[in-house]
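2 protein chains.
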Amino acid sequence: MYIVNYKEREVHEVTVANSQKTTMRWLVGKATGARTYAMRFFEIAPGGIIPLHSHDEEHEIFVLKGSAKVLGGPEGTVAKKDDVVFVPPNEEHGYDNTKGKEPFTFICVIPLLEKE
Amino acid sequence: MYIVNYKEREVHEVTVANSQKTTMRWLVGKATGARTYAMRFFEIAPGGIIPLHSHDEEHEIFVLKGSAKVLGGPEGTVAKKDDVVFVPPNEEHGYDNTKGKEPFTFICVIPLLEKE
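So the sequence lines, in the order shown, correspond to chains A and B. Heads up: the first sequence runs through residues 115 to 230, numbered per the numbering used here. Heads up: the second sequence runs through residues 115 to 230, numbered per the numbering used here.
Accuracy of the hints is not assured; some may be wrong.
Identical copies look the same in the list; a pair holds intra-copy or inter-copy alike.
[To be verified] PhoX-like, lysine-lysine: derived pairs with alpha carbons at most 20 Å apart:
no.	residue 1	residue 2
1	K179	K121
2	K144	K183
3	K135	K121
4	K213	K194
5	K135	K215
6	K179	K135
7	K194	K179
8	K215	K195
9	K215	K194
10	K215	K179
11	K195	K179
Derived by calculation from the structure, the hints in this document are not laboratory data. Since this is a predicted model, take the numbers as computed values, not measurements.
So that you can see chain A by itself, here it is in the shape it has in the complex (with noise of 0.2 Å):
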């Protein structure tokens, strides 16, 4: 086993559909023991976006800290510190900070599709 803090683990800028403002650390990764499913932290900055898209991965979520407008749910959605947001396969899906005063942060676990 191991056990690392979330910050030890490089950061990256997210760039999916014209991300703003917007961070991704892989937890586990393929790279450090993930075999089906890996679990990443994102960080969306007061003023940043992730705006709608869609992919083949569903997504399991845990909302760390702060809020976002959801986008691609009923008109405002919201997701706030402790909730969990279930994204299934090929639904669009954002996350709206830009109105926001601090950061939202999540933890979002994907299928690993692509087998080596």
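Add chain B to chain A, keeping to what the hints say.
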């Protein structure tokens, strides 16, 4: 998609390996959309423990609150808030909060090995 506060999920007592003062909630399980992996929420109250045990499922864990002694790793290993813990399949592990003053809570993702 759906969004739900984790506290809305049903609480189950954890009995594996004679665990004490430990509860679990299925955040995303088979009944709520999980396909190949499931997200659960664990809480070990002060004085509680999940003793040493092992199983086929690997664990991808993110610690939300508190700290606990980790069983199965090197002597003195502790997991605390913001730590990631990865436990490979069939490796002995456990979490000891018997000396703790606050709850130890964490997200734990497992593969769904028994396909329906």
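To see whether the hints hold, each was checked on the structure:
1. When the C-alpha separation of K179 and K121 is checked against a cutoff of 20 Å, the pair qualifies both within a copy, at 15 Å, and between copies, at 16 Å.
2. Within a single copy, K144 and K183 get their C-alpha atoms no closer than 30 Å, and across copies no closer than 27 Å, so neither meets the 20 Å cut-off.
3. For the homomeric pair K135 and K121, the shortest alpha-carbon distance inside one copy (17 Å) is at most 20 Å, but the shortest distance between copies (30 Å) is not.
4. Proximity of K213 to K194 under the C-alpha cut-off of 20 Å is restricted to the intra-copy arrangement: shortest distance 14 Å within a copy versus 32 Å between copies.
5. Taking identical chains as interchangeable, the C-alpha atoms of K135 and K215 lie at most 20 Å apart only when both belong to the same chain, with a minimum of 13 Å there against 37 Å between chains.
6. Taking the shortest Cα distances, K179 and K135 sit within 20 Å of each other inside one copy (16 Å), while across copies they are farther apart (27 Å).
7. When the C-alpha separation of K194 and K179 is checked against a cutoff of 20 Å, the pair qualifies both within a copy, at 7 Å, and between copies, at 17 Å.
8. Proximity of K215 and K195 under a CA criterion of 20 Å is satisfied intra-copy only: 14 Å inside one chain copy versus 23 Å between copies.
9. In the homo-oligomer, the alpha carbons of K215 and K194 lie at most 20 Å apart inside one protomer (13 Å), although the nearest pairing across protomers, at 27 Å, exceeds that limit.
10. Proximity of K215 to K179 under the C-alpha cut-off of 20 Å is restricted to the intra-copy arrangement: shortest distance 12 Å within a copy versus 23 Å between copies.
11. When the C-alpha separation of K195 and K179 is checked against a cutoff of 20 Å, the pair qualifies both within a copy, at 5 Å, and between copies, at 13 Å.
The structure fails hint 2 only (numbered hints given earlier).
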